[in-house]
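Note that the protein sequences, when read in sequence, are chains A and B.
For what it's worth, the working numbering labels the leading residue of the first sequence as -14, then goes sequentially.
For what it's worth, the working numbering labels the leading residue of the second sequence as 46, then goes sequentially.
Don't take every hint at face value.
To be verified - Computed spacing ranges between beta-carbons, pair by pair: (1) B:Val61 <-> A:Met115: 50 to 58 Å; (2) B:Ala98 <-> A:Asp10: 30 to 38 Å; (3) A:Glu(-11) <-> B:Pro104: 36 to 44 Å; (4) B:Pro67 <-> A:Glu(-11): 39 to 47 Å; (5) B:Leu96 <-> A:Ile100: 31 to 39 Å; (6) B:Ile156 <-> A:Val(-10): 47 to 55 Å; (7) B:Pro104 <-> A:Gln114: 20 to 28 Å; (8) A:Asp10 <-> B:Ala124: 25 to 33 Å; (9) B:Val61 <-> A:Met(-14): 23 to 31 Å; (10) B:His103 <-> A:Trp(-4): 31 to 39 Å; (11) A:Glu(-11) <-> B:His49: 52 to 60 Å; (12) B:Leu152 <-> A:Glu(-11): 43 to 51 Å.
Worth flagging that the hints you see were computed from the coordinates, not collected in a lab.
Virtual Cβ for every residue (Gly too), placed ideally from N, Cα, C.
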Amino acid sequence: MVGEVVNFGNWLQNTSWALAIATSDWAYPFVQATHFTGLSLWIGTSVAVDLSLLGVGNRRQPPSRLSDALFLWNWIGFAIAIAGGFLLFSVSAATYLVNAAFLTKLGLLIPLAVILHVAVQKRVRGWGQMPAMPAVAKLAGLAELLLWLSVATAAVSIPYLA
Amino acid sequence: MFLHLGRLLQNNSFIVTINEVPVTAAALEIIHYFSMFLVVGPTAMVDLRVLGAADRHHPVAELAERFFPWVWVALAFNALSGFLMFAGNAVAYIPESTFHAKMLVTLLAIIFTLAVQRGVPKWDRSPSMPATAKIVAIISVLLWIGAILAGVEVPALSGIG
């Protein structure tokens, strides 16, 4: 199993596009910048809704209205972040696939955070119709915020564990 | 003179410790990245709204009034964590032209963001979005993307960081 995963990593990092990024002088930072631009949109708009669930900012504008306003660019940001992230991964896939911080980030923290994010997006309108923001809404907002912070922590830890 | 100051900064025991202990060094990076997302994402959303590409059915002020207070709070965290990382390697960063470029582009992005924040109440009163507003907004978005690109080019081109 581990052997197959490493074989897949070796195949991926020897594909023509991965080699092109790895050997170019300018491509790698451009791909990094793409990843961070996507993350700014994705994390910036996701955390905005989390903070509004927690009651931070203008309370007259309900979180559901904010969530609707940000929805399109939220997912555009996600798509850009994933595309950039996949290209960064493919440059040294075999190394990433045996890195504990990377595996925790991709295999555990990101799936959990995305599932919670989708759940928040689906529930936010219902929460907005209640007379007061229910405790579960605040808890969900806080949990999503902390999960994205833990994703950033795992990401920053990758080189420390390499 | 700047290099002399940089050397003093870089040899300060607090600066040395915070940049050398793995937990605090990683914490600085996490704060720097996360606060950057909270600056650039919400700012870009206001710019996209001015450009007519988001939340068209509500006034610009609705997003702007919610976002700008925490954009500036996030920017303060970003600047502080950035300064502490800069201080840890100040002698290398001070003469580095890619670092100068990053600081210049970021400063310009902040100036255009301030222009958007100041312009929003006026732009909301006008029957259609003025051309000036759209020009300022698109420059703001492009400058923030430029600041991110300049940020990743510093280690890529100089090897510092």
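#### Entry: Hint numbers not upheld by this structure, sorted from lowest to highest
3, 4, 9, 10
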